[in-house]
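Undergrad: When we follow the working numbering, the leftmost residue of the sequence shown carries the number 1, and every step to the right adds one.
Keep in mind that the hints are not guaranteed to be accurate.
Stated by the list, open to error - With a straight-line cut-off of 25 Å between C-alpha atoms, the simulated DMTMM-like cross-links for lysine to aspartate or glutamate are:
no., residue 1, residue 2
1, 51, 83
2, 51, 39
3, 51, 93
These aren't lab readings, by the way, just hints derived from the structure by calculation.
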Amino acid sequence: METDRADAMVNFANQVYGYGRFLPNSCTQEEILQLCCPEINVGMLVHGRMKENEAYVVRNARRFSNYQGYGGSFRFDGPAASDFPAQSIIFMDASITYK
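Put together the whole structure using the sequences plus the hints.
TA: Right, here's the structure in full:
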């Protein structure tokens with residue numbers, strides 16, 4: 001999210017899209033993404049657990065909020081610029097499984 005003018009970004013999280021729920025008192029990359037780009041939360045209704053060879057792509061996501069900090073220091077920092085471009089967000093599991 002820090003390269004705000006990129007056409008796409010990757011969300012390395014876990015195998016469950018958006019964790020499948022909102023986590024209280026947690027502001028890691030995935031929660032921050034859910035707050036800044038709230039429309040991606042709709043995906044929790046239709047996507048479940050990803051297989052090892054899967055990734056999900058959300059196209060034309062818009063960023064509505066700026067922020068500062070991470071984890072316990074996370075703070076809302078006003079609305080995002082109105083000319084902020086839509087991006088594709090690629091969701092994939094950050095873990096590596098060796099068989």
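Undergrad: Against each hint, give a clear statement of whether it holds in the structure.
TA: Hint check:
no.	hint	result
1	51 <-> 83	36 Å, violated
2	51 <-> 39	23 Å, holds
3	51 <-> 93	9 Å, holds
Of the numbered hints stated above, the single one contradicted by the structure is hint 1.
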